[in-house]
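Full structure from sequences and hints, please.
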Amino acid sequence: MRASRKLFILFFFGVAMAFVEAAVVVYLRELYYPEGFSLQLKAIPRDIFAVELGREFSTIIMLVAIGVIAGRNFIERFSYFIFCFGVWDIFYYIFLKQTLNWPESLLAWDILFLIPVPWIAPVLAPVLVALTMVIIAIISVLKMEKGYELKFLKSDWILGFIATLIIFVSFILYLPRSQKLFYPYHWELFIAGKVVGIFSFCRVLKRASNKYHLEKGESI
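Its first residue numbered 3, the sequence shown is counted upward by one per residue in this note's numbering.
Read the hints as simulated data drawn from the structure, not as lab findings.
Every residue gets a Cβ at the ideal spot worked out from N, C-alpha and C, and that includes glycine.
Where hints are given, some of them may not hold.
[As the list claims (entries may be wrong)] Below, simulated DMTMM-like cross-link-like pairs (lysine to aspartate or glutamate); rule was C-alpha separation at most 20 Å, straight line:
id	residue 1	residue 2
1	K153	E217
2	K208	E151
3	K208	E147
4	K8	E147
5	K213	E147
6	K196	D158
7	K148	E217
8	K145	D158
9	K99	D112
10	K145	E217
11	K213	D112
12	K213	D158
13	K99	E23
14	K99	D49
15	K218	E151
16	K208	D158
17	K218	E147
18	K99	E37
[Unchecked claim] Cβ-Cβ distance ranges computed for the label pairs, FRET-style:
id	residue 1	residue 2	range
19	I113	E147	24 to 30 Å
20	F13	V119	14 to 20 Å
21	P36	S157	23 to 29 Å
22	E151	T101	25 to 31 Å
23	E190	F10	33 to 39 Å
24	S157	L116	29 to 35 Å
25	V197	I63	27 to 33 Å
26	K208	P36	51 to 57 Å
27	L108	L144	52 to 58 Å
28	I117	G149	34 to 40 Å
29	I63	I113	19 to 25 Å
Below is the structure:
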């Protein structure tokens with residue numbers, strides 16, 4: 003099956019998963035935030051909280067599994083995984099806007115994830131990450147289909163890990179004080195992480211392009 007066809011099918015998979023995720027959030031907010039959503043975490047029974055953690059973990063397992071099924075090698079599998087992840091995250095917020103009229107803006111704060119600690123950031127941050135993931139995945143699989151060899155060196159993986167770590171830190175650097183939470187989001191960390199990640203991927207693309215043209219006997 004052509005990569006473009008796989009991406010088309012996986013797009014709808016990601017959209018469907020996003021609706022399921024949004025539906026769960028609609029139920030949770032109706033139960034625990036009937037007066038309106040806020041970043042103050044409500045006291046949730048331990049067993050319900052454990053189920054929620056399990057649901058979040060299971061979501062990642064599902065996305066990994068579909069990437070493994072769709073791809074033929076590690077890079078393809080990873081690309082399809084991040085493609086589905088990005089589509090899922092973007093449409094999750096689209097469906098929340100349609101069903102709850104939330105977020106009121108892309109700068110509204112949200113609780114992104116709970117494992118291993120709560121991740122908190124303006125909606126714009128995860129949406130930008132998701133959009134980047136989608137773009138990188140599409141470029142990767144289409145390039146590989148054309149015969150480009152995307153080879154990630156150890157240094158590329160290190161840069162990718164650093165980029166991911168920087169963005170992750172930006173999501174967890176919130177400061178609790180008294181009964182309120184103050185969230186001075188560190189956009190400088192987020193932007194630095196994005197720049198490092200994109201730089202790492204561009205290095206991989208450049209090497210693949212140079213090798214491809216050399217093998218074709220073309221001038222670079």
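>> Holds or violated: the 34 to 40 Å window for the beta-carbon distance between I117 and G149?
In response: holds, 39 Å
> Does the Cβ distance between I113 and E147 fall inside 24 to 30 Å?
Replying inline: violated, 38 Å
> Does K99 pair with E23 here, judged by a C-alpha cut-off of 20 Å?
Replying inline: The given pair, whose Cα atoms are some 13 Å apart, holds under the 20 Å limit.
>> Tell me if the beta carbons of P36 and S157 are separated by a distance inside 23 to 29 Å.
In response: The hinted range 23 to 29 Å is violated for P36 and S157, with Cβ atoms some 51 Å apart.
> Do the Cβ positions of S157 and L116 conform to the proposed distance bound of 29 to 35 Å?
Replying inline: holds, 33 Å
>> Checking one constraint from the list: CA of K99 to CA of E37, max 20 Å. Satisfied?
In response: The given pair, whose Cα atoms are some 17 Å apart, holds under the 20 Å limit.
> Regarding F13 and V119, is the given constraint of 14 to 20 Å on their beta-carbon distance met?
Replying inline: violated, 31 Å
> Is K208 close enough to E147, meaning Cα to Cα at most 20 Å?
Replying inline: Since the Cα atoms of K208 and E147 sit roughly 16 Å apart, the hinted pair holds (cutoff 20 Å).
> When you check the alpha-carbon spacing of K196 and D158, does it fall within 20 Å?
Replying inline: Roughly 14 Å between the alpha carbons, so the hint for K196 and D158 holds.
>> Just to be sure I understand the hint, the distance between the Cβ atoms of V197 and I63 should be within 27 to 33 Å; is that true here?
In response: Check passed, 30 Å falls within 27 to 33 Å.
> Taken at face value, is the distance from the CA of D49 to the CA of K99 at most 20 Å?
Replying inline: violated, 29 Å
>> So if I understand the rule, the pair passes when the alpha-carbon distance is 20 Å or less; does K148 with E217 pass?
In response: holds, 13 Å
Checked against the numbered hints above, the structure breaks hints 11, 14, 19, 20, 21, 22, 27 and satisfies the rest.
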